[in-house]
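> Just so you know, the protein sequences line up as chains U and G, in that order. Counted from 1, the first sequence has number 183 at position 183 by my numbering; the numbering is strictly sequential. Counted from 1, the second sequence has number 300 at position 45 by my numbering; the numbering is strictly sequential.
Among the hints, a few may not be true.
[What the hints assert, rightly or not] Restricting the straight-line Cα-Cα distance to at most 25 Å, the calculated cross-link-like pairs of lysine-lysine (PhoX-like) are:
no.	chain 1	residue 1	chain 2	residue 2
1	G	K284	U	K61
2	U	K29	G	K360
3	U	K138	G	K316
4	G	K393	U	K37
5	G	K360	U	K138
Please keep in mind that the hints were generated in silico from the structure rather than gathered at the bench.
Now for the letters of each chain:
Protein chains: 2
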Amino acid sequence: MTKNSSNFKISVLQTNCRNCSLSSLCLPKDLVGAEIKELETIVSQLPPINKHGHIFNQGDKFTSLYVIRSGCVKKYQIDADGNEQVIGFSMPGELLGIDAIGTGKYMSSAEALDTTSFCHLQYSKFEDLCQSIPGLIKHILKMAGQELVAEHDIHKAISQKSIDERVAVFFTSLSTRLKILGYSGSEFNLPMSRHDIANFLGMQPETFSRSLKKLVTDDLIDVNLKHIKIKDLDNLRTLAGHCDTCPSSSKVMNG
Amino acid sequence: MTKNSSNFKISVLQTNCRNCSLSSLCLPKDLVGAEIKELETIVSQLPPINKHGHIFNQGDKFTSLYVIRSGCVKKYQIDADGNEQVIGFSMPGELLGIDAIGTGKYMSSAEALDTTSFCHLQYSKFEDLCQSIPGLIKHILKMAGQELVAEHDIHKAISQKSIDERVAVFFTSLSTRLKILGYSGSEFNLPMSRHDIANFLGMQPETFSRSLKKLVTDDLIDVNLKHIKIKDLDNLRTLAGHCDTCPSSSKVMNG
DNA sequence: CGCGAATTTGAGCCGAATCAAGCGTTGTGG
DNA sequence: CCACAACGCTTGATTCGGCTCAAATTCGCG
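Construct all of the structure, not just a fragment, from the sequences and the given hints.
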């Protein structure tokens, strides 16, 4: 550490938002050149974490917001009885920690499902910057609003939909989100376990497994371990009950 | 209308936040005197609406945020098949419309369950005011964060808890919220129908009715039509599984 | 190759949905 | 003020979807 400063440099890199491939989805979205430069002064890129690593833990004092750059994150809570509830899965461009603003501590844990890189924003600085950059408050409120919409969608799905419908909702939603990120919406690898998906969708792993089989039998999807191929998106959407409610075809997945 | 201007005056009253009894719970909470005065310039009090009246409708273009002053509001969505999903119930001091910020249109409808009065804030003006009043950003983000936490709680309840547990969650949550507003937390009238509560909690009205009976038999509550008396809050909380997760003893009810 | 973890499969059961009355309350009009 | 209609709520009987428990299989990893 004393030999040279490279360790420190690696651990906290100043971020260049202007050249970031996510800039059109991320915080810079509603900002102009000079503002992005200002934003960069409070954004730092932390070293990537490996699978099972945590960005923050439930109960920790809230200090910072985080933005996923690459990878995938599972958000979950553990209650007093040790029961886990998966709240959602976060993808690149998405903001983590909004639900902590109201309470002052992180209400959930954020765990990497793959090697995940992300940016760090100290919240107090972020709040200050909101004063000088109008687009920033616009963006974070939009993100918060979208999270709420997604929560309403999952609330409805668990509340009213059958098992197969919920699974269809999950896949159509995931497909849409991947497409927005520039990936294939019809073929992808699931970064999360069956257990986590089932938990998120309010069902047992066994039940999820049976539903997967059913969707394969009905020729809606192909499944090969973690690899999913959507064969009939239209009928999958119909099964999911493509909600008018949600404009972007239900972004259920980020809970 | 031409005879005098009283009609107009009644329809949009400039609001005095400083004298409002809700100021300690509402937007002025984190503001100082001069700022509240500034806030007042964009807040107007609309005439109260009666039971079944709507503050806004799903699909309408998003223009404004609203704050409940008195009464109670049901938030709900109707999907393409005509199925209703009750998203939550809003009480005085709570902000309506946050989930519309991300999409530009109201994603749900807000219906008065009783005569309800509320304040109106044009969102564009609100955004502008955020630039000059730091506390405003703080407050709305807190509100958004709390809504998210509440959504996570209801997600978990519907996902994992039994019928009786969910009903217990509902009553303990409602009790807590009423207490915060200065009402009795142990005895109150339900402004919403059994149908709406059941829908919100992801169950059938028949099932809710049977669960009510069970809680009465177990001496946890008394029920007389809309009137509820909580007889054993401790055990009701235990049944609800008082989540460590949520600091204010689960504010599930505003979904 | 072998072990442990994750996933699938199977059998049986139970909780909650559904269907169908019946009852009580509220609101309306005579 | 009462009668009747309409609605909301409760109760009962039956059915069924999904859970539970148990075991087999496959996968991932050392």
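> Evaluate each hint against the coordinates.
Against the structure, the hints come out as follows:
no. : hint             : verdict
1   : G:K284 to U:K61  : holds, 22 Å
2   : U:K29 to G:K360  : holds, 20 Å
3   : U:K138 to G:K316 : holds, 17 Å
4   : G:K393 to U:K37  : holds, 23 Å
5   : G:K360 to U:K138 : holds, 15 Å
Checked against the numbered hints above, the structure breaks none of them.
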